[in-house]
Amino acid sequence: MDARTQEFVEYVQGGGQVETGDWMPDEYRAKLIKFIEMHGNSELMGVLPEREWILRAPTLQRKLALTAKVQDEVGHSQLIYRVVEDLGKPRSQCLQDLVDGRSKFHNVFHYPTKTWGDVGVIAWLVDAAAIISQKALLKCSYAPYARIMKKICWEESFHILHGRDVILTLMNGKDEQRALVQEAVDRWWGPLMTFHGTAIPADEDPMVFWRIKSQGNEEARQQFLDGYVPQIWELGLTVPDQELRKNDDGVWEYSEPDWDELKRVVTGHGPMTAERLEFRRRFLEQEAWVREVVLTEAA
Amino acid sequence: MSRRAEQLLEIADDELILGWRDSEWTGIAPTLEEDVAFSSIAQNEIGHARALYELASRDLGTTADALAFDRSPEEYRSAPLVELRRLDWARTIARHWLYETADELRLSELKSSDDAELAGLAAKMDREEVYHRMHAQMWADRLRGDERFEAALDELWPYALGVLAPEQRPAFADRVGREQVDAVERGEHSDELRELWNEMTMVRRSIPGATW
Chain Y
1 MDARTQEFVE
11 YVQGGGQVET
21 GDWMPDEYRA
31 KLIKFIEMHG
41 NSELMGVLPE
51 REWILRAPTL
61 QRKLALTAKV
71 QDEVGHSQLI
81 YRVVEDLGKP
91 RSQCLQDLVD
101 GRSKFHNVFH
111 YPTKTWGDVG
121 VIAWLVDAAA
131 IISQKALLKC
141 SYAPYARIMK
151 KICWEESFHI
161 LHGRDVILTL
171 MNGKDEQRAL
181 VQEAVDRWWG
191 PLMTFHGTAI
201 PADEDPMVFW
211 RIKSQGNEEA
221 RQQFLDGYVP
231 QIWELGLTVP
241 DQELRKNDDG
251 VWEYSEPDWD
261 ELKRVVTGHG
271 PMTAERLEFR
281 RRFLEQEAWV
291 REVVLTEAA
Chain H
1 MSRRAEQLLE
11 IADDELILGW
21 RDSEWTGIAP
31 TLEEDVAFSS
41 IAQNEIGHAR
51 ALYELASRDL
61 GTTADALAFD
71 RSPEEYRSAP
81 LVELRRLDWA
91 RTIARHWLYE
101 TADELRLSEL
111 KSSDDAELAG
121 LAAKMDREEV
131 YHRMHAQMWA
141 DRLRGDERFE
151 AALDELWPYA
161 LGVLAPEQRP
171 AFADRVGREQ
181 VDAVERGEHS
191 DELRELWNEM
201 TMVRRSIPGA
211 TW
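In order, the protein sequences belong to chains Y and H.
Take 1 as the starting number for the first sequence in my numbering and just add one per residue.
Take 1 as the starting number for the second sequence in my numbering and just add one per residue.
If you are wondering where the hints come from, they were derived from the structure by calculation, not from laboratory data.
Please note: incorrect hints may appear among the correct ones.
Now the in silico label distances, taken between C-beta atoms and shown as ranges [to be verified]:
#, chain 1, residue 1, chain 2, residue 2, range
1, Y, E52, H, L60, 37 to 45 Å
2, H, E128, Y, D249, 49 to 57 Å
3, Y, P230, H, T63, 35 to 43 Å
4, Y, P201, H, T63, 28 to 36 Å
5, Y, D26, H, D154, 49 to 57 Å
6, Y, F279, H, P208, 39 to 47 Å
7, H, L60, Y, T238, 41 to 49 Å
8, Y, S92, H, G187, 52 to 60 Å
Not close to chain Y: a few residues of chain H, all C-beta gaps over 12 Å, as computed [said to hold, decoys possible]:
#, residue
9, A5
10, R50
11, L60
12, A116
To give a feel for the contact side, a few chain Y residues facing chain H, derived at Cβ under 8 Å [what the hints assert, rightly or not]:
#, residue
13, L64
14, A68
15, V74
16, S92
17, Q93
18, M171
19, Q177
20, R291
21, L295
Bear in mind that the values here come from a model prediction, so they are computed numbers and not experimental data.
The beta carbon of each residue, even a glycine, is placed where N, CA and C say it ideally should be.
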């Protein structure tokens, strides 16, 4: 490592923040693009599992709330891709790489959304898991990314309230409605437990080395369990893991999550991966002419 | 049903169904900016539908949700224009521009209605519709002359005329610079409405009597 890079590493590890125009090592830039692009992809692909339920929302209020919630996610992807763009990768390339399967998106967005219960669980628990990772990014060494995270976290916290409200209404409703929630929790538990990634030690994580991330994966998962398992139990729901318990030292114990499944899913072999990417590709191609018209006008 | 309730339901159903159609672009619009814009427009239209249903529900002794979801497809009074499923940008913009232009004429008449509640609500809706019109006009200007867009206007024009009462149609034709033709009138519903209705009411019908 040359002296300039060494100095840079010490600076970011010591809590220093970097702006777009500042000098940065190529490796740092490449890591930033990869990490932030995957976040942008996840916000955009995260729209699709909820999108079809916008059309099935059972009351006018739910329709409005869900439309606004999903709109936020699209807005997040727009903000995040702008950050990637400033780092040197255009949005059009990000979208092309996404639909071509050359870049990744988060594991939870590769699964089907089967019922209105899933809609509640996604907004409540998936967004809760996400906000834990996103809050830790408020301290990211790359300042433009950390700044937009403030807005994103603020909006995500509303999504959790919306999700919780959907869930509470179902739990206070009929038996069939309570069953919808329990089935959804059972379905989503596996993906939620792998959401934060394997328990790789922080000092071996390259994203932590550059202080792009400042929180270890297991730390995030523990925070999620501590915040949400008691709430899940309080509502009279169960978690499909016999081993799940909080030890006297405050650490949650759980059955080993299915890491092979996580690997399969994020490398593009999830139950809905191909279908969702194909759907997104279809419209990216179908409406390419519109972007041409806009670009010609701007030129 | 009173003429007032009928009129409220016509407009409410138009706004509801169009709002539902607009929200189909979520996640797949040609640009992320338009994705966000169309989602806002959809939310406004559904918000208008809700306000109109609330007004009508007082006359009819029901609720806004019951009017929006619990009627059979045949009972909706929406214009065929908003029922069409046209998930391509040229037709989406053609419908958007034609509908907003028609809606401006309809709202301006309602704003001067003797019915103070109706006039007040129309004025309130119009404050948001101004932005929809600006958005629609920007896109119509941008796509003007594009053969996909012009074909979409030709296809949708008879449907667009059906949004308005016959006496408002000459002004509409003037406004968009087209000749009046035979309109596709309200009353007959397309299969596309029935498909939309099936999807829209699916969760609500799945557990009758439940609160959501």
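| Interface hint status, Y:A68 versus chain H (Cβ within 8 Å) | This interface hint holds because 6 Å falls under the 8 Å limit.
| If you take the shortest Cβ to Cβ gap from Y:L295 to chain H, is it below 8 Å? | At about 10 Å, which exceeds the 8 Å cut-off, the nearest Cβ of chain H leaves the hint on Y:L295 violated.
| message | For the restraint on Y:M171, tell me whether the closest CB of chain H is nearer than 8 Å. | response | violated (11 Å)
| How does the Cβ-Cβ distance of H:E128 and Y:D249 compare with 49 to 57 Å: does it lie in that range? | holds (55 Å)
| request: Report holds or violated for the interface hint on Y:L64, using the least CB-CB distance to chain H and a cut-off of 8 Å. | output: Because about 6 Å separates Y:L64 from the closest Cβ in chain H, which is inside the 8 Å limit, the hint holds.
| query | Taking 12 Å as the cut and beta carbons as the points, is H:A116 off the interface with chain Y? | reply | Non-interface label on H:A116 holds, nearest chain Y Cβ at 24 Å vs cutoff 12 Å.
| message | Given a cut of 8 Å on the nearest C-beta pair, is the interface hint for Y:R291 held or broken against chain H? | response | holds (6 Å)
| said: Please check whether Y:F279 and H:P208 have a Cβ separation lying inside 39 to 47 Å. | reply: Violated: the Cβ-Cβ distance is about 32 Å, outside 39 to 47 Å.
| chain H contact restraint for Y:S92 - C-beta distance below 8 Å | Y:S92 check fails; min Cβ-Cβ to chain H is 10 Å, beyond 8 Å.
| Does the nearest C-beta of chain H fall within a distance shorter than 8 Å of the C-beta of Y:Q177? | Given a least distance of 6 Å, the restraint on Y:Q177 holds.
| message | Restraint: Y:V74 near chain H, CB-CB cut 8 Å. Satisfied or not? | response | At about 5 Å, which falls below the 8 Å cut-off, the nearest Cβ of chain H leaves the hint on Y:V74 intact, so it holds.
| For the pair Y:P201 and H:T63, does the Cβ-Cβ distance stay inside 28 to 36 Å? | Between Y:P201 and H:T63, where Cβ atoms are some 57 Å apart, the hint is violated.
Taken one by one, the earlier hints fail for this structure at numbers 1, 4, 6, 8, 10, 16, 17, 18 and 21, listed in ascending order.
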